[in-house]
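Using the sequences and the hints, build the whole thing.
Chains A and B, in that order, give the protein sequences. Mind the numbering: the first sequence is residues 258 to 415 in my numbering, read in order. Mind the numbering: the second sequence is residues 22 to 221 in my numbering, read in order.
Because the hints were derived from the structure by calculation, they are not lab data. None of the values given here were measured: they were computed from a predicted structure. We put the beta carbon where it would ideally sit given N, CA and C, even for glycine. Some clues are possibly wrong.
List of simulated lysine-lysine pairs, DSS-like, C-alpha gap at most 25 Å [what the hints assert, rightly or not]:
{"hint": "1", "chain 1": "A", "residue 1": "K266", "chain 2": "B", "residue 2": "K150"}
{"hint": "2", "chain 1": "B", "residue 1": "K192", "chain 2": "B", "residue 2": "K170"}
{"hint": "3", "chain 1": "B", "residue 1": "K195", "chain 2": "A", "residue 2": "K259"}
So, partial list: chain A residues that the calculated Cβ filter (under 8 Å) puts toward chain B [claimed, not checked]:
{"hint": "4", "residue": "L265"}
{"hint": "5", "residue": "R269"}
{"hint": "6", "residue": "E272"}
{"hint": "7", "residue": "P273"}
{"hint": "8", "residue": "R278"}
{"hint": "9", "residue": "N288"}
{"hint": "10", "residue": "S360"}
{"hint": "11", "residue": "Y361"}
With beta-carbon atoms standing in for the labels, derived distance ranges [said to hold, decoys possible]:
{"hint": "12", "chain 1": "B", "residue 1": "D36", "chain 2": "A", "residue 2": "K280", "range": "12 to 22 Å"}
{"hint": "13", "chain 1": "A", "residue 1": "T274", "chain 2": "B", "residue 2": "E168", "range": "21 to 31 Å"}
{"hint": "14", "chain 1": "A", "residue 1": "L315", "chain 2": "B", "residue 2": "N101", "range": "37 to 47 Å"}
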Amino acid sequence: MKEITTQLKKFRAIEPTGAFRDKTLSLILQNRPHQAPSGAWPRPARVLSWSWLWAPALASIILAITIGGRLLSAKPAFSSFNADGLRSEFNGLEINIELKEISYRQGVSQEIASAITEITDNRTRHLSPSLLESEASNLNLDAGGSSEIDELLNQLTL
Amino acid sequence: MKDEEKLINSAKSGDEKAFGELYEKYLTPIYRYVFMRVGYRKHEAEDIAHQVFMSAWQNMRTYETQGFPFSSWLYRIAHNAVIDYYRTQRPSFDLELVNDNIAFADIPELENRIDDRMQMEGVRVALAKLEPDQQNVIIMKFVNELENKEIAQALGKTEGAVRVIQHRALKQLKTLLSAEGGSASSGQQNEGDNNTIKEV
Chain A
258 MKEITTQLKK FRAIEPTGAF RDKTLSLILQ NRPHQAPSGA WPRPARVLSW SWLWAPALAS
318 IILAITIGGR LLSAKPAFSS FNADGLRSEF NGLEINIELK EISYRQGVSQ EIASAITEIT
378 DNRTRHLSPS LLESEASNLN LDAGGSSEID ELLNQLTL
Chain B
22 MKDEEKLINS AKSGDEKAFG ELYEKYLTPI YRYVFMRVGY RKHEAEDIAH QVFMSAWQNM
82 RTYETQGFPF SSWLYRIAHN AVIDYYRTQR PSFDLELVND NIAFADIPEL ENRIDDRMQM
142 EGVRVALAKL EPDQQNVIIM KFVNELENKE IAQALGKTEG AVRVIQHRAL KQLKTLLSAE
202 GGSASSGQQN EGDNNTIKEV
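Below, the structure is given as structure tokens:
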């Protein structure tokens, strides 16, 4: 096995010619390496490569906006955890419920009032049962019968 | 190694002189690897070696060390270039049939060393019969003397896989050379040459 490796080492004599060595280097160096595009907007990958620089800056801006907003605003940032805030919210809730009940009761009273008005109104007397009964008793169904009509009806039916 | 790091950093920032030094250092092993992988054809090897260093120069900015030497990166480019060569220009000739006079014509060191040339020819033919990965590992490990870690990085394999390939390749090479030696010895013994491949 060692003999094989010794044989293989002899291949180290393989080398490029001097002419190739010199010519190819000059040809390679004539071509400029790939440059980053010089546009107005940098490539995303390039931007990301500078993240160590702009990430703290961005974090500082966000922090400044948050703190500034909190200082300028009268309302606490975490009002939902404030006892006073919760109390006022709860009171507001009761008021809302009462207002809903009032509006419901108003609706009911209006319906009652309209029903009473309808009953007492003369224009709706035809709906009264006593009136209907009296009118029915006044009707004389047997009176005023015509013999001719009866005869014609008998002819039609028989 | 620190000097090389400086050279790499300078080359990354476009320093032609620094890249020139890296080129001088690595051209020969890269050329040798390519030459042996493309059937000992000088012009193809020169074209591919040129492509490798052109690609390296063009993409120097993207090179990151990541614990691996610069040579691994170059070998990886060369390995891919050889794959592309066989994919696009599949040679119609049999590598075994390449005459040793052509294969080693441009190696002045071997000009007057007939024995060496004959032995190398036997190894060349046996090597050509190995799988591409086995050829890669044998050339990188025993000709260019790379570490297993560098070979693994260049070929995109694990060090364990490289060791397995190396073991199988040497075993296969030994078998092939024994067979070659057996058949060659009868003819060469007639010429009175005792330094033949059969001794391998």
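Hint by hint, here is what the structure shows:
no. : hint                        : result
1   : A:K266 - B:K150             : 19 Å, holds
2   : B:K192 - B:K170             : 21 Å, holds
3   : B:K195 - A:K259             : 10 Å, holds
4   : L265                        : 4 Å, holds
5   : R269                        : 6 Å, holds
6   : E272                        : 5 Å, holds
7   : P273                        : 4 Å, holds
8   : R278                        : 6 Å, holds
9   : N288                        : 7 Å, holds
10  : S360                        : 73 Å, violated
11  : Y361                        : 74 Å, violated
12  : B:D36 - A:K280: 12 to 22 Å  : 21 Å, holds
13  : A:T274 - B:E168: 21 to 31 Å : 29 Å, holds
14  : A:L315 - B:N101: 37 to 47 Å : 39 Å, holds
The earlier numbered hints that this structure contradicts are 10, 11.
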